[in-house]
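Trainee: Sequence:
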Amino acid sequence: MKLRGLRTINITCLILCIISMIFTLIIICIISVIHTFIVYNNFVKSYPFSTVPFWKDNRAINKNPLLPVLKVEDVNLSNLTIVIASCCRNVKKNLLGFQRNLHAITTLFGYYRIYLGESDSHDGTLEALNEWRKNDSDHVRVYSTGQQRWQVPSRTARIALCRNTLLQKARQELSSFDYYLVIDVDVGSSPSFDINDFLSNFIYERFSWIAMTATQRSEYYDIWALRIKSILPFDCWQRIKEITFFLIDQTFLTQRLVKIHQGPIPRNISLIEVESAFGGAALYDAKYLNNECSYEGKKERGWWWNNEQCEHVSFHQCIQQYANDKKLYINPRFQIC
Numbered sequence: 102m103k104l105r106g107l108r109t110i111n112i113t114c115l116i117l118c119i120i121s122m123i124f125t126l127i128i129i130c131i132i133s134v135i136h137t138f139i140v141y142n143n144f145v146k147s148y149p150f151s152t153v154p155f156w157k158d159n160r161a162i163n164k165n166p167l168l169p170v171l172k173v174e175d176v177n178l179s180n181l182t183i184v185i186a187s188c189c190r191n192v193k194k195n196l197l198g199f200q201r202n203l204h205a206i207t208t209l210f211g212y213y214r215i216y217l218g219e220s221d222s223h224d225g226t227l228e229a230l231n232e233w234r235k236n237d238s239d240h241v242r243v244y245s246t247g248q249q250r251w252q253v254p255s256r257t258a259r260i261a262l263c264r265n266t267l268l269q270k271a272r273q274e275l276s277s278f279d280y281y282l283v284i285d286v287d288v289g290s291s292p293s294f295d296i297n298d299f300l301s302n303f304i305y306e307r308f309s310w311i312a313m314t315a316t317q318r319s320e321y322y323d324i325w326a327l328r329i330k331s332i333l334p335f336d337c338w339q340r341i342k343e344i345t346f347f348l349i350d351q352t353f354l355t356q357r358l359v360k361i362h363q364g365p366i367p368r369n370i371s372l373i374e375v376e377s378a379f380g381g382a383a384l385y386d387a388k389y390l391n392n393e394c395s396y397e398g399k400k401e402r403g404w405w406w407n408n409e410q411c412e413h414v415s416f417h418q419c420i421q422q423y424a425n426d427k428k429l430y431i432n433p434r435f436q437i438c
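Be aware that the sequence shown starts at 102, since it is given in this note's numbering, and climbs by one per residue.
Misleading hints may appear alongside valid ones.
[Unchecked claim] Cut-off 30 Å, straight-line C-alpha distance, at most; resulting in silico cross-link-like pairs (DSS-like, lysine-lysine):
#  : residue 1 : residue 2
1  : K235      : K194
2  : K330      : K428
3  : K427      : K330
4  : K428      : K270
5  : K427      : K270
6  : K360      : K164
7  : K360      : K400
8  : K330      : K399
9  : K164      : K342
10 : K400      : K342
11 : K342      : K360
12 : K428      : K157
13 : K360      : K388
14 : K400      : K146
15 : K388      : K330
16 : K157      : K146
17 : K146      : K360
For the record, the hints were derived by calculation from the structure and aren't laboratory data.
Using the sequences provided together with the hints, build the complete structure.
Mentor: See the structure below:
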């Protein structure tokens, strides 16, 4: 009888504990929902949203823009060197167009070197890259890390690892180079690529800029890499996730923080000064690529499932610290695709 009574008491205690835990979780959820709604409403009421695309916003318009000193047809790069770096995954179908466009670029320079990093491909990309290297062994280097997805689950961490490897190899193998072009294979293979658009990066005074980043003809898609202090000083996608966590529709913030800025940028406007941008390609003056700087695809703090960051942002933050007030720009004429 005593054992039966004790068993009944234990079951009752267990049920009460379960009810208590469920009640506690409900309270936590209610508090979290209320907190999220408060944060969301405060942000919506207080944040100075743009009513026009960033390139039209007066806060982003430079009152003293960098002005050209040359015409495109007068640009001469024959005494300069360029290093091109690209990370490749399942891009075999793009390689023919990519090689065509890189050939148009590299023939402008006195010397060039192409660094290609590969991982996690299953479409024959690595074999195609090695064939490219074999046909141009004086200029092309290929590095593969094999299957990385299980060791490095974060996509941006894998891309950062690739970009760091290629930059490190260039620094090790070449005593010096003048320009460093980071370019994505998919957009870099576009048949609409025009070499004069690339040359428009060089019509400005030498050493007057850190980097020129690309645009596209149809849309400016790369908002994740974009940072403009007065307009988008934060990771907009991360901010949207944080303050719409519980039951809040993301449509309003996505429209006001992302889509409003994704229209095509007119090619006839001045350079746009930014803290960070990419857009599929970025051309760096190698003078400003400080050895202390590297790409970081993960934040130092944060939960492992939610700590990705755009690798270009951390890199750009670092190189600007050593650049003596020189700036990064979006070049509206540098339409990569």
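Trainee: Are the hints correct? Go through all of them and say.
Mentor: Going down the list of hints, with the structure as the test:
1. At roughly 19 Å between alpha-carbon atoms, K235 and K194 fall within 30 Å of each other, so this suggested pair holds.
2. Our distance criterion of 30 Å between C-alpha atoms is met by K330 and K428, whose separation comes to about 13 Å.
3. With a C-alpha separation of about 16 Å, the suggested pair K427 and K330 falls inside the 30 Å cut-off, and the hint holds.
4. With a C-alpha separation of about 26 Å, the suggested pairing of K428 with K270 holds against the 30 Å cut-off.
5. Distance restraint check for K427 and K270: the Cα-Cα separation of roughly 26 Å lies within the 30 Å cut-off, and the hinted pair is therefore satisfied.
6. Using a Cα cut-off of 30 Å, the hinted pair K360 and K164 holds, with the two alpha carbons roughly 26 Å apart.
7. About 25 Å separates the Cα atoms of K360 and K400, which keeps this hinted pair within 30 Å; it holds.
8. Among the hinted pairs, K330 with K399 is consistent with the structure: their alpha-carbon atoms are about 21 Å apart, no more than 30 Å.
9. Between K164 and K342 the alpha-carbon distance is near 34 Å, which puts this suggested pair outside the 30 Å criterion.
10. Restraint check for K400 and K342: satisfied, since their Cα atoms lie roughly 16 Å apart, inside the 30 Å limit.
11. Pair hint K342 plus K360 holds up; C-alpha atoms about 16 Å apart against a cutoff of 30 Å.
12. For the proposed pair K428 and K157, the alpha carbon gap of about 19 Å is at most 30 Å, so the pair holds.
13. For a cut-off of 30 Å, the pair hint linking K360 to K388 is broken: about 35 Å separates their Cα positions.
14. Between K400 and K146, the direct Cα distance comes to roughly 28 Å. Compliance with the 30 Å bound is thereby established for this hinted pair.
15. This hinted pair checks out: K388 and K330 have alpha carbons roughly 24 Å apart, not beyond 30 Å.
16. Taken as a hint, the K157 and K146 pair is honoured in the structure, with Cα atoms around 22 Å apart against an allowance of 30 Å.
17. For the given pair, K146 sits about 19 Å from K360 by alpha-carbon distance, which is consistent with the 30 Å threshold.
Checked against the numbered hints given earlier, the structure breaks hints 9, 13 and satisfies all the rest.
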